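Student: The lines below spell out each chain.
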Amino acid sequence: MTDSYLNVRNLNVSYGETAALKDISLQVANGGRLALIGMSGSGKSTLAMAVAGLLPKQARIDGTIDFAGHRPKLGSDIGVLFQDASGSLDPVMKIGDQIAEVVMTHLGMSWISARVRAAELLDRVKIPKALSRLNSYPHEFSGGQKQRIALAAALAGSPSILIADEPTSALDTVIQRHIVDLLDELVKDDGLTLLFVTHDIALASERADEIAVLYQGELVETGPASQLLKEPKHPYTKALIDTYVSVDKPRSRRLPEIDMARLQA
Amino acid sequence: MPLLASFFLKRLIAALPVLFIVLVGSFFLLEAASGDAVDAYIARSGAMDAEQIAQMRTEWGLDKSPLNRFEAYVSALAHGDLGWSTAFERPVTSVIAERLPVTLLLMSISTGLAFFAGSLLGVIAGAHPGSIRDRILSTGSLALYAVPGFWLGLVLIVIFAVDLRWLPIGGIESIASGKTGFARLGDIAVHLVLPVSSLAMVYLALYLRLMRDRMAEIWRDPFVKGLEARGLTRRRIVWRHVARNAILPAITMLGWQSAAMLGGSVVVESVFSIPGFGRLAAEAVAKRDTPLLLGVLLCSAVTVIIANLLVDLAYGKLDPRVRIGR
Amino acid sequence: MRSSGLEAKIGIALLLVLILIALFAPLIAPGDPLAISGEAMLRPFASEAHLLGTDRLGRDVLAGLVHGTRTTLLVAFFSAAAALVVGSAVGTISGFLGGFADTVLMRITEAFQTVPGFLLALAAVSVTGPSVPTLIFAISLGNWTQAARVTRAEVLSLRERDFVAAARTMGMRPLEIAFREILPNAFGPTASLAAISVATAILIEAALSFLGFGDPNRVTWGSMIAEGRTVLRAAPYLSIIPGIALVVTVLSVHLIGRGLSRTQRLQS
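Protein chains in written order, with this note's numbering: chain L, 1 to 265; chain Y, 1001 to 1326; chain H, 2001 to 2268.
Hints were generated in silico from the structure; no laboratory data involved.
Quick caveat: nothing in here was measured; it's all calculated off a predicted structure.
Even for Gly, the Cβ is constructed at its ideal location relative to N, Cα and C.
Examples of chain H residues toward chain Y, derived with CB under 8 angstroms: (1) 2115; (2) 2123; (3) 2225; (4) 2229; (5) 2232.
Model the full structure from these sequences, guided by the hints.
Tutor: Next comes the structure, spelled out in structure tokens:
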């Protein structure tokens, strides 16, 4: 409890009459990696956005999201990576400037130093010829490259937690691997805490320390990744793993619609 | 050939068919007028006998067939000759050359004012769509857009020139004041305040709306979430990102607005007694000066084409997704 | 958004009032509005017989306003309608036929867009002389191009759709397909254009009459403003009042237009 970086207690999120999250409680250790898995509509993205503080104004939030005591700021404490990379970059601004402005905002550097730092970040996310690419625009890059650039922008303010909402779902499988490897590397190097949302249970099992399973806004089960997969306690988790984990099945298969009512009957 | 020059050339060549259609259309439209320049001359200067009339017709080439006259017109045009103005008794080219600069001045200042002030107010309104500021500015712009330019001019004259006596009633500069250099510029500037305001106001409302509506759309674009997630200040997001994206459609508008504004300058110049190109059009119609009217129509078309060209060039520089010449 | 519904309703209400005024003009203000009916240069609200005053010849301002509504609405609606009909037809034919016909028609459309609409109207009036029918023609000359472009764009996107292929296999002739199947579907976005066309037509008509190129036998708001200009110092209200009428009319049309485009956007 004492070295948990993120502590969520009894979180409820609703939009008008609809409840999106019901009484969620979980913890993430400092430097730990938590995967949120579930079907579409399970509330996993809502949970991630709630932690980030990016829910729309209409959302009603009850409960606490505690960051080891302090109030986190977007950009400098929390970095966010979205599913649609081209959807998080301004199409008419040079990528170098977009990263540099984050650096300037949070690290107080001058413009020139910020640009140098931007080039360093681009280099870290393995964009070739980073310095010369500072003046390029988003549309000049491929989908995978744009996601890396978005990652660089997310890390530009030196955050201590990175929240990634299905960061690879929109990319093809080969690129997915590269991005995920990159994420691993950066998280390890910087000691970042990682919270990522995915529907890919195999990915979660590989890259996460802990897994949290969500179903229709409720937290069905959480636990260490290896344990959860070997000995799932909740019938839903069992069903998920049974239908999914198989050497032959392709990695990017979406989680099947499991009818809980049928399970419990 | 450098990219810019080839772009210009390509566009000008593409414009030629359009100009030709304008030429043919205008020429034969004005041909259809019953009563030609000679009749107009008679109406002004008194009756002449049949022989004089016939002689005048021959002199002015009005006795040949329309097709012949068209050919003659085009070949003269190729030499830069727009014909003879019957009302001013000078070559059309010289009349237009005398009057065009004033209108271009009026139009460019008005366009600049309308675009920059309108866009600025549009950003202020679009920074918080739905806010009270937005509602007031949007409603205001709606009302302003409904105002006829010439009426606005008269209202401004009543308030500022008649009641308050701050500004002159009309003209482009004080007559026979003998001012030169900066003093003259200042004098002209003072005379331009009201006409520019009248002409610009309506389009200011247009650019305000355009900017504001586009910004409201862009706020819903996913990349804004990305910007917020990076912890940028709202101010920065509004001005450096949303506004920058929103201004692009307004720029494409500029080109076609030049046509509307040229039309608007006709009445504004009449209200303020400014000796410009716009008022020339009205005079040409009133005095049934067909060659002059034809020249005016052609020059307007050329002006609009050039304005569009310049605007497209500017747009290409501002939108990195569009590359000139590719 | 509730505000948009209110806007459109206000617009419709205003326009209905104006249409009623135009229809019942002879009842509201009987007699010839161009006839001298009283003392010259009466201020507004000074006399009961002339609520809005009189001009320098003694003509009643209110009568002029009321009868001017007729000219304004008549010319504006018909020229906008003509512009829409011609524009939609050209756009449909152009979009449907494609190829050379399309290129030629588009060049012609461009030519009409390049010359300012007001100058086109001026030139046309100089040829035909000023009367209501010719004014309608002259004003529509500059207005039809928007409708052509919008319709053509719609047609191009509809052309490849299933119901067109079905019509073709049924053996319908191309032009028949164009007008029976495609045009009704393409008409949607043109409808909101109608409001802009009407508004533009109102303003062009006013400007033309202001310059003296309107119908001399009718009283129009533009000509009233021009008349008032001669005595601007002494009686500014003569020019100001008809202008207010213009603003209200154009505003009502704009409000309706915004309501139309909002409903259309919600439907698409």
